[in-house]
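Read off the chains here:
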Amino acid sequence: MRHFAVIAAALALASCKTAAPSRAATAPTQAPVASPPASATASVAVAVSGSFSPQRGPAAFREFVADVPAQENGGECQVTRTGGSGATIATASYPARVAWQLQLTLTFDSTGHLIRYAEFRGVPPIPVGFRPGSGSLDSVLRENEARNRNTTINLDYGADRGIAMNRGGGRPTTAIMGTVREVERLERLGPPAARLERMRKLCGV
Amino acid sequence: MIMNPFCVRYGSRVAPILALALAAGAQEPRRLVQADSIPLELVTALVASGGLGGDPQILVGSMPGWVESRIVVPASMRILGSAFIGSTVVAVLRSSDSPEDAVATLKNELPKRGWKTPPPMPSYGGGFRPAPISAVPSGPPTRLLFCGDQQLLNVSAVRRRGVSTDVTIRLTPVANYSPCKPPEVPASMRQSTFPTLFNPANTDIRGGTDDCARSMSTSSGTGTTLRTTMDPAALLEHYAKQIQDSGWTTPAKGGSVVGRTWTRTDSAGNPIELSLSVTSSAREASCYELSLQVRTSRKP
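Here the protein sequences come in this chain order: W and C.
Everything in the first sequence is counted per our numbering, starting at 1 for the first residue and increasing by one.
Everything in the second sequence is counted per our numbering, starting at 1 for the first residue and increasing by one.
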């Protein structure tokens with residue numbers, strides 16, 4: 001069984017001590033300096049990661065239960081286009097952008113093909129309204145993950161891979177993996193294909 | 001082993017194509033909703049609306065479901081289309097009604113979907129204030145502003161080529177400060193002793209070019225306090241004689257003064273007197289100067 005390492009979040013935090021520009025400020029990937037000058041900007045990359053062993057096969061699919069149900073009521077959308085690649089990203093937050101309980105994200109490539117579906121059920125990993133600098137983001141993420149269970153479903157159409165996973169809340173991670181078709185049609189998950197179509201109508205994409 | 005002639009002849013060519021087709025089976029056929037063409041009337045209306053800050057997604061003849069559930073499309077209107085990027089949505093409706101009637105219909109319907117009129121802007125102190133926009137009797141409005149939970153809804157209607165009306169609805173997320181979230185007035189600023197008084201509609205003088213503003217651009221005053229048994233008319237007559245003796249004359253018309261006094265107690269129980277006087281200009285009878293005075297006394 002393949003063992004996957006999942007990067008849940010990789011965040012670069014920048015704390016600006018003074019406005020004085022320095023070489024270090026424009027080169028965040030440089031090796032850390034033991035005692036940086038007081039005027040330098042310090043960039044710290046924070047990664048929150050975990051590992052899981054996804055189950056495969058009909059039996060695993062039959063037994064898998066999403067720990068967090070999909071609260072698909074209301075809904076607000078946000079559509080963005082990336083500057084470089086021209087991809088379109090549509091995000092639907094349920095019941096609203098503030099205090100959402102379910103978030104779906106669709107990514108379309110520059111030619112308009114749907115390439116990715118991501119579903120997150122549970123308490124938002126980063127609290128809505130969190131401002132960088134108002135606290136330690138890595139601590140917030142870790143605390144959130146330790147306290148709250150979440151269910152995620154990711155469909156990668158290019159790689160034809162679908163993964164559904166329960167994690168966090170102080171319990172072991174459980175996951176299943178299969179083709180996109182296998183996962184998106186799984187009745188026990190909604191199914192995601194039907195939710196995707198409702199979300200597209202909701203967001204006009 | 002018997003070989004199928006077809007396989008022998010074409011097998012080497014078909015196999016790669018078949019492999020490609022199988023691989024393509026994993027490809028997602030769903031595509032972004034993109035109209036092949038956009039009607040000129042929709043483009044014109046979107047451009048006239050001021051557009052959106054970015055490369056929007058455009059729907060012809062519809063709007064995103066989440067917006068449709070928040071606004072009302074009256075039977076007399078049809079959706080020309082919508083454009084959206086980020087959380088900002090511009091929807092264009094076409095109506096055969098007049099702009100005023102179209103807006104009046106939405107004004108009745110939108111509150112049923114939870115939209116509310118914006119809260120009043122906070123006052124940084126009392127005194128005379130320009131007439132509220134809603135009080136200006138400039139005919140039925142062709143614009144509306146509503147506040148939702150986290151959104152601001154702008155409605156405007158314009159006549160197009162004299163035959164139909166385009167109603168543009170713009171939905172934007174509420175920023176830190178907006179008509180829906182006016183900045184709070186610091187507590188220290190709420191101590192004005194003057195009540196807030198809104199001027200009558202269409203009476204405000206904008207800028208300093210108005211004759212009234214010019215004629216009353218400078219003024220000065222003085223006052224005193226007396227204890228007397230004389231009534232106000234006798235008191236006035238007493239000073240009028242002295243003023244006339246020093247060369248002042250009563251104008252032929254205008255120049256009248258009327259006033260009134262009110263009382264109440266403040267939060268500490270002290271009595272307050274408020275006097276409002278209205279003086280018409282001797283130069284121009286339609287120019288008025290208003291004066292508000294508040295006097296606080298000690299507790300009796």
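Derived from the structure by calculation, the hints contain no laboratory data.
Do not rely on the hints blindly, as some may be mistaken.
Stated by the list, open to error - Heads up, simulated DSS-like pairs for lysine-lysine below, C-alpha to C-alpha not over 30 Å straight-line:
| id | chain 1 | residue 1 | chain 2 | residue 2 |
| --- | --- | --- | --- | --- |
| 1 | C | 253 | C | 241 |
| 2 | C | 116 | C | 181 |
| 3 | W | 201 | C | 241 |
| 4 | C | 181 | C | 107 |
| 5 | C | 253 | C | 181 |
| 6 | W | 201 | C | 107 |
| 7 | C | 253 | W | 201 |
Just so we're clear, the structure is a prediction, and the values are computed from it rather than from any experiment.
Item to check | Violated constraints from the hint list, given by number and in increasing order | outcome: Per hint list: 3, 5 and 7 violated.
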